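> Protein chains in written order, with this note's numbering: chain A, 1 to 363; chain B, 364 to 663.
These are calculated hints, taken from the structure and not from any lab test.
Computed from a prediction, not measured in an experiment: that's the story for all the values here.
Just to be clear, a hint being listed does not mean it is correct.
To be clear about the criterion: a stretch of chain B counts as covered by chain A if any three or more of its residues have a C-beta under 8 Å from a C-beta of chain A, and this derived list gives those stretches [stated by the list, open to error]:
{"hint": "1", "segment": "449–463"}
{"hint": "2", "segment": "632–645"}
{"hint": "3", "segment": "648–654"}
Far from chain A, some chain B residues (derived; all Cβ distances over 12 Å) [to be verified]:
{"hint": "4", "residue": "V379"}
{"hint": "5", "residue": "Q428"}
{"hint": "6", "residue": "V437"}
{"hint": "7", "residue": "L527"}
{"hint": "8", "residue": "M537"}
List time: in silico SDA-like cross-link candidates among lysine to any residue, alpha-carbon distance up to 25 Å [claimed, not checked]:
{"hint": "9", "chain 1": "B", "residue 1": "K654", "chain 2": "A", "residue 2": "Y144"}
{"hint": "10", "chain 1": "B", "residue 1": "K654", "chain 2": "A", "residue 2": "G134"}
{"hint": "11", "chain 1": "B", "residue 1": "K429", "chain 2": "B", "residue 2": "V585"}
{"hint": "12", "chain 1": "B", "residue 1": "K654", "chain 2": "A", "residue 2": "T232"}
{"hint": "13", "chain 1": "A", "residue 1": "K224", "chain 2": "B", "residue 2": "L658"}
{"hint": "14", "chain 1": "A", "residue 1": "K224", "chain 2": "A", "residue 2": "V242"}
{"hint": "15", "chain 1": "A", "residue 1": "K340", "chain 2": "B", "residue 2": "R464"}
Heads up, the beta-carbon is just placed ideally off N, CA and C, and yes, glycines get one too.
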Amino acid sequence: MSAARQGFDSFEKNNRKQLPFYIGLLAFGILGPLLFPNYTLQIAILWIMVLFAQTWDTLGGQMGYNSLGNIFFFGAGMYISAIVQVGTVYDVGLYTSASGAGKASFTPDQYYTGISLGILAAGVGSALLAPILGFIMFGLRAAYFAIGTLGVALAAGEIIGAWQWVGGGSGIAMPVYPGSADGRSEFFYWISFAAAVATFLVLRWLYTTRFGLAINAIRDDEDKAEATGIPTLRHKIVAWSVAAFFLGISGAIFGNMTGFIEPLEVAFPTVTFGIFMVAMPLLGGKGTLWGPVLGAIVFHVVKEVTWTYLLGWQWVALGLIIIITVVFFQQGIMGWMKEKWPEKFGVVIDPVTAAESREEATR
Amino acid sequence: MFGNIQLLIAAPALNVQLLLDGILIGAIFALAAYGLALVWGVMNVKNLAQGDYVILGGYIAWWGQKTFGIHPIVMLPIACVLLFIMGWLLYLLIIRWVINRDMFTSLLATFGIAFMLAQLLNVAFGPEIQTAQSGMTTRTLFATVSVAEIKVVSFVLCCVLAALIVAFMKKSRMGQAIRATAQDARAARIMGIDTERVYAFTYALNAAICAAAGVLISMIWVIQPFYGITHAIRSFVIVTAAGLGNLPGVIVAAFGLGVAEQYGGFVLGAELQQVSVVGLLLIVLIWRQIKLARLRQVVQ
Numbered sequence: 001m002s003a004a005r006q007g008f009d010s011f012e013k014n015n016r017k018q019l020p021f022y023i024g025l026l027a028f029g030i031l032g033p034l035l036f037p038n039y040t041l042q043i044a045i046l047w048i049m050v051l052f053a054q055t056w057d058t059l060g061g062q063m064g065y066n067s068l069g070n071i072f073f074f075g076a077g078m079y080i081s082a083i084v085q086v087g088t089v090y091d092v093g094l095y096t097s098a099s100g101a102g103k104a105s106f107t108p109d110q111y112y113t114g115i116s117l118g119i120l121a122a123g124v125g126s127a128l129l130a131p132i133l134g135f136i137m138f139g140l141r142a143a144y145f146a147i148g149t150l151g152v153a154l155a156a157g158e159i160i161g162a163w164q165w166v167g168g169g170s171g172i173a174m175p176v177y178p179g180s181a182d183g184r185s186e187f188f189y190w191i192s193f194a195a196a197v198a199t200f201l202v203l204r205w206l207y208t209t210r211f212g213l214a215i216n217a218i219r220d221d222e223d224k225a226e227a228t229g230i231p232t233l234r235h236k237i238v239a240w241s242v243a244a245f246f247l248g249i250s251g252a253i254f255g256n257m258t259g260f261i262e263p264l265e266v267a268f269p270t271v272t273f274g275i276f277m278v279a280m281p282l283l284g285g286k287g288t289l290w291g292p293v294l295g296a297i298v299f300h301v302v303k304e305v306t307w308t309y310l311l312g313w314q315w316v317a318l319g320l321i322i323i324i325t326v327v328f329f330q331q332g333i334m335g336w337m338k339e340k341w342p343e344k345f346g347v348v349i350d351p352v353t354a355a356e357s358r359e360e361a362t363r
Numbered sequence: 364m365f366g367n368i369q370l371l372i373a374a375p376a377l378n379v380q381l382l383l384d385g386i387l388i389g390a391i392f393a394l395a396a397y398g399l400a401l402v403w404g405v406m407n408v409k410n411l412a413q414g415d416y417v418i419l420g421g422y423i424a425w426w427g428q429k430t431f432g433i434h435p436i437v438m439l440p441i442a443c444v445l446l447f448i449m450g451w452l453l454y455l456l457i458i459r460w461v462i463n464r465d466m467f468t469s470l471l472a473t474f475g476i477a478f479m480l481a482q483l484l485n486v487a488f489g490p491e492i493q494t495a496q497s498g499m500t501t502r503t504l505f506a507t508v509s510v511a512e513i514k515v516v517s518f519v520l521c522c523v524l525a526a527l528i529v530a531f532m533k534k535s536r537m538g539q540a541i542r543a544t545a546q547d548a549r550a551a552r553i554m555g556i557d558t559e560r561v562y563a564f565t566y567a568l569n570a571a572i573c574a575a576a577g578v579l580i581s582m583i584w585v586i587q588p589f590y591g592i593t594h595a596i597r598s599f600v601i602v603t604a605a606g607l608g609n610l611p612g613v614i615v616a617a618f619g620l621g622v623a624e625q626y627g628g629f630v631l632g633a634e635l636q637q638v639s640v641v642g643l644l645l646i647v648l649i650w651r652q653i654k655l656a657r658l659r660q661v662v663q
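Kindly produce the complete structure, drawing on both the sequences and the hints.
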């Protein structure tokens, strides 16, 4: 636990040490679709997973507020983008009620303006929803916050399912990409990749600022942070808005990538994506910069490779992975590496202190 | 929606119907919520798997009836024993490691258990909605209010079970040990209580209580592998509203939730019933927050 709580260490401040990580990731990002052209969309989903893990970690790892309902912003973004994309051309109510019957077409121009406006609106809209939700939820501490956010995400799916204007339970068919299937995969690959990289860079910068220190202070002791003059509520809301902005964008991208959105399975999948985005940063090591990225890659690759061999038992196995990660491996990959090679992370071990702490541990 | 409200005003008998249904089903909610309050209070574990123990209990009753033709009420003690054993095993395997950790760890670990149980039930029995047959009829009171006999039977069973649990907690050595551990685990250890065993027993007892609730639910309502989380949220609503270690509060809150849910389902439509449960959760959490804020001002 203590390892995860150290916050920004010298490894994360030292860009030279991280260089191999950057190069490896960029190389994979650029070469991935060229080397494995059949898996372009799979790798695109990997980048969305990376984005999920990072945005969850903003609250869960850096600020100590463990949300189980971040998927709410994903779904909200998806629906906002759908409404904007359809709404710029057709009447939304008529479009959804005629789903399947009337063949709605979008010219390439309409499509590209729609999708760029949609993604932007999804980000901004989700970021604006965060303060509204934040005012209600941030009074809740610890477990209550987790349960409250879980409730919000569960309720959102049901409410959208009952809202006929956006298609209710039968969902919305998204505009069709004007071009070939390969071009479509590549198009969505590059925007997913760009979104993940932008998220990483923005969050990396954010954690080095005073703001980053302030949310770390909230994590370590909220009452003391408030006493030292940090406006905690404002910081919490801004942090959630940042996370929500990127989550909304990821929702818009994912909705367009899937081509068809529906409230319970695609937009607000609380028990699948909603839990993945908690499990991935925990696996990688929460509260670190690279942990969520690493966790997401390991999780997604293992999941995709083993999934088909488990024959219906994959979800049971997933539950097992969550339990094992949470109970026995909570320091995550990064935390484990820090314990294994502390000198690489700039931790200097004083023999006297080490002996003392060992004594403490055995007591 | 407004049409439904007008209907309620125009036909008072409908209100009686909803109130009665709410209270009869609220008794079962009270049972599961008491289990949660027990685990929460004694070992500070927020058990999100609560609802899935309920559903598992229901499936045991349903399965017993389907394969061997045993009446679900006869399956009740069997389900309790099975879940008791399972609860003990889960304690040894998982819960033991999360007791002294932060709250989120226990929450997420039990969520993992919940997820796994739901998926196991899905693999074993499929995602269809099931219901166990009690073989009892429905009676009509005052020509307008209909009462299923099984609901009354389950209400009586709930009362009996609750009385048994309370007596157990008050009189038996283990019950006393559980209460002592809840008050101060360290002091209890000094007095020679094996707190590890107390924790294991508490967790297993909670699973058994949930199983009993689940068997009753399977007869008067429906069960489905993924309905567990709603039951868990119901228990959280009740315990959060009532507070820990407050048995009368739990009972009142459970009846209140049952009635509110019946009204919510009637006024908003059945598809928004889950939303009304979650809405109640948010209202209870916010209300609790306002109460705490007021308390903070008094302290200042």
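> Indicate, hint by hint, whether the structure satisfies it.
Consistency of the hints with the structure:
1. As drawn, the segment 449–463 of chain B meets chain A at 3 residues by the rule of a beta-carbon pair under 8 Å; at three or more, the given contact holds.
2. For the segment 632–645 of chain B, the proposed coverage by chain A is satisfied: 9 residues have a C-beta within less than 8 Å of a C-beta in that chain, meeting the threshold of three.
3. A count of 4 residues in the segment 648–654 of chain B with a Cβ less than 8 Å from any Cβ of chain A is obtained; the coverage claim is therefore met, three being the minimum.
4. Distance check for V379/B against chain A: the nearest CB is about 28 Å away, which clears 12 Å, and the non-interface claim stands.
5. In this structure Q428/B is separated from chain A by more than 12 Å, as the shortest Cβ-Cβ distance comes to about 25 Å.
6. Even its closest Cβ contact with chain A, about 30 Å, leaves V437/B beyond 12 Å, as expected for a residue assigned away from the interface.
7. For L527/B, the requirement that its beta carbon stay farther than 12 Å from each beta carbon of chain A is met, with the minimum near 30 Å.
8. The claim that M537/B lies off the interface holds: its Cβ sits roughly 26 Å from the closest Cβ of chain A, which is beyond the 12 Å cut-off.
9. At roughly 15 Å between alpha-carbon atoms, K654/B and Y144/A fall within 25 Å of each other, so this suggested pair holds.
10. Under the criterion of a C-alpha separation no larger than 25 Å, the hint pairing K654/B with G134/A is consistent with the structure, at around 18 Å.
11. Between the alpha carbons of K429/B and V585/B the distance comes to roughly 15 Å, so the proposed pair stays at or under 25 Å and holds.
12. About 20 Å separates the Cα atoms of K654/B and T232/A, which keeps this hinted pair within 25 Å; it holds.
13. For a cut-off of 25 Å, the pair hint linking K224/A to L658/B stands: about 19 Å separates their Cα positions.
14. In summary, the hint linking K224/A to V242/A is supported, as the alpha carbons are separated by about 24 Å, within the 25 Å threshold.
15. For the suggested pair K340/A and R464/B, the alpha carbons sit about 22 Å apart, so the restraint of at most 25 Å is met.
In the structure shown, no violation is registered for any of the earlier numbered hints.
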